[in-house]
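Protein chains in written order, with the numbering used here: chain A, 9 to 375; chain B, 570 to 1025.
Quick caveat, the hints were computed from the structure, so don't treat them as lab data.
Think of the CB as a built atom: it goes at the ideal place given N, C-alpha and C, for glycine as much as any other residue.
Any given hint could turn out to be false.
[To be verified] Dumping the calculated BS3-like pairs for lysine-lysine here, alpha-carbon to alpha-carbon at most 25 Å:
#1 B:K930 to A:K138
#2 A:K366 to B:K773
#3 B:K773 to A:K135
#4 B:K696 to A:K244
[What the hints assert, rightly or not] Among chain A residues calculated to face chain B with C-beta under 10 Å, some are:
#5 K76
#6 A263
#7 L265
#8 F267
#9 H269
#10 N270
#11 E317
#12 D333
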Amino acid sequence: MDINTALQALRDPFGVPFFPWVFQLLMVLTFALHIISVNLAVGGIAVSVYEHFKGGEYNRKLSQMLAKVATISLSSAIVLGVAPLLFVQVIYDPFWYVSNSLSAWWAIAFLLFITLGFLAHYVFYLKRHKNPAGYGLFGLSGLVFVLAAGVVMSALSVQALVPGAWLDWYSANGSLVTTGTTLYKFELGRFLHFIVPSFINIGIFMMLYAWYFRPRADIDGAWLDWVGRAGVKVAKIATMIEIVIGFWWLVMIPADLGFLHNHWLWLGSLLGLLLMVGLMKAEKDPERFAVPMALLSFIAVFGMSAAREVLRMVYVGAFKYSIYDYPVNVDWGSTALFLGTFVMGLIVMAYPLIVVFKLGRGRLSES
Amino acid sequence: MLYPIFEFPGVGGGMIIAAIATFHILPCHLATGGFWMAWYLERRGHATHDQELLDYIKRFALLILIFCFVTGSITGAGIWFASTIISPRAISGLIHNYVWGWATEWVFFLIEVVTIYTYYYTFGKVKPKTHMRIGLIYAWSAWISMVIITGILAFMMTPGKWLETGGFFDGFFNPTYWPQLFYRTMMMLAISGMFAALLAGFMKSGPTKTYVIKTAGRWGLISLSLGALFAVWYYFKLPANAHETLSGVPYDQIMFKISLGIGAVMALYFALLLTGREILVKPVLALLMIVVMFVGIGGGESVREYSRRPYLIPGVMYSNQIVAHDLEAKGIKSEVTRYQEEGFLQNNYFVPPEWRRIDEKNYMQAGMLLTKANCVICHTMEVNGRSSLPGLVTEMGSTSASELNDFLETMGEDYNFMPAFSGNPQERRAAAAFIASIVPDNENEPPTAEWVVNGE
């Protein structure tokens, strides 16, 4: 039995309950939302810890604000991560399950790292004013744990793309490796390509923060100026680094996959360059450019998510695997249940979000 | 076809899923039930202008925020991860049938996250009516997420008409759905009462504290009592094989008694809280009660897991992830039958190529792989491990390869508490030879290679 046949046979015997492209589309969309939250969490923690240790009135104030943002972003990242995790198991089940089974302890470690990172960050956020130096270490360890979780997740995703190596890993030295202790493959370029945007997005978030609170008379205008300027600076430098890393990673991708000629890749690159130009312009007036830059960054992340999926299709296509021929047992009732709930959910969520938006802008009377 | 095997040494992979799932019950039930109590108390807080009570609710919300939305959401995803590495085909089977159910539940998770943060950070900053409305949206969303996940959990116990139709809702609204939903709804309120008592221990003495203690006791006692009634209903809805397991397996009986005993202890504790005595909510005592409750939940969950043996999806998939029977509605054929006729090693990819054909040199290694593929989800290979395979066969008294081969042949039919062995007769003998080899101080003659390969 060869790997191509095995991949077909590993697909779930129950088939999928709707057309595979729908799951693929949802996976790309929800992954983009997930990675934006991850970016805000990682960037928020990193800049928060940096500003905390740097000291100074504005720095500490920024640090406190970003620490709070990071708690919410971490929660969002976890909840938004559930959806792509679900959908990848629907259409790419053989790849995801093999990768996890072979490195099982690391899948468990991922959970541990996230938990420790989250708790350490909460300690930093809630207690930091008591003993800045001591609790700053909690912030630092929170960052290390969250990044470690990212390394594991990135490695599991990369391992999933190389089916040709699986059996060798599993039956190394003529025995059966059922220990799950090894993480077999990791690409630094790929990892950094998803992590460096943390600083782009947190920088743009800082610009948005300045724009959003500007109408409030009770908030120091000079402080908002400072946050906006700091934000655009962080975002611009990170975008430059991201472009370099993007090309570095690109040359690491096996040339025979032909990804260099893919339209999605060049569209993603174009979006990155547009962001760079936009941020250079935004330096003069960060608040004016905050909303357009946020929108552009959103689109760029969606583009990145789509390019990631196209790259996966290229990888698995080499093994004659296509999600589009996954056996389908259409279930209209449960599909309608989800779609209906999704629309209802967006409407329901709008209410608390409007309350918060108005409150933050000082347009809601207090009790 | 099976995925690579992962062995969790000493305790077995099943225990890892069980440990994460049991722990998850605490934060997830608090997340689903806590806000009904918060809403109830906040109403009173505003009506009586009791700032101390409002401060208490804010701390309660923070507890939910951290405990449920850190450990709760991570352990929730953790159940998936643990299932992925231990029993990938089982979680895959559930996902491929219920992906839209989970996706629907996910929408409610999103609403929960948005509303809980809004609720916490707008405390005292918006009108009470607006604030309570946000709390109520959270409470409903959280409970609806339970309404959905209960359908999938109950499906794993009693798939009902789904076995004939393969339809989403036929499996969802199965025979144990409603009793489980009502039972879990009551449990969420009882667990919330317990955590409310724990947090009351940090309040300063006075009438507000007494009120909170009494309220926690009232909520806990009423919901636990109603929960017990629904549990009885649930019990009578269980299929016959689950009742047989409960009455015939000592481990299951012990777990059942533990959960009943702890339920009684919790009821007594809640009844004592009705007196309003502050000593009862001293943090050490309240924490101890939470640990006791955790053990009780573990007992109950063990009973649930054991009661569906030897299946993961009753009537379809065995606990070792192999498809046991045909399922016409989905066009699925029994893998056990195929493996028994055509062989397991030839029909699976994750087999070292040199072991695919059993011979005099490799039969022990092939036997090891076959044993692990068939047994490792429930049994450990270590002598002193939990549910140890060598330990169990020693207890059974069948330790020669020949006796073990006979026993493996009876599984699934005469001995239907275990899955039928997946493999042809030659593979079965190889597995028997391997199992005999790991029995400590086995005095039987080891089988000959000739017997394993040719059956003579």
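Structure versus earlier hints, numbers of those that do not hold, lowest first: Violated: hints 1, 2, 4, 6, 7, 8, 9, 10, 11, 12.
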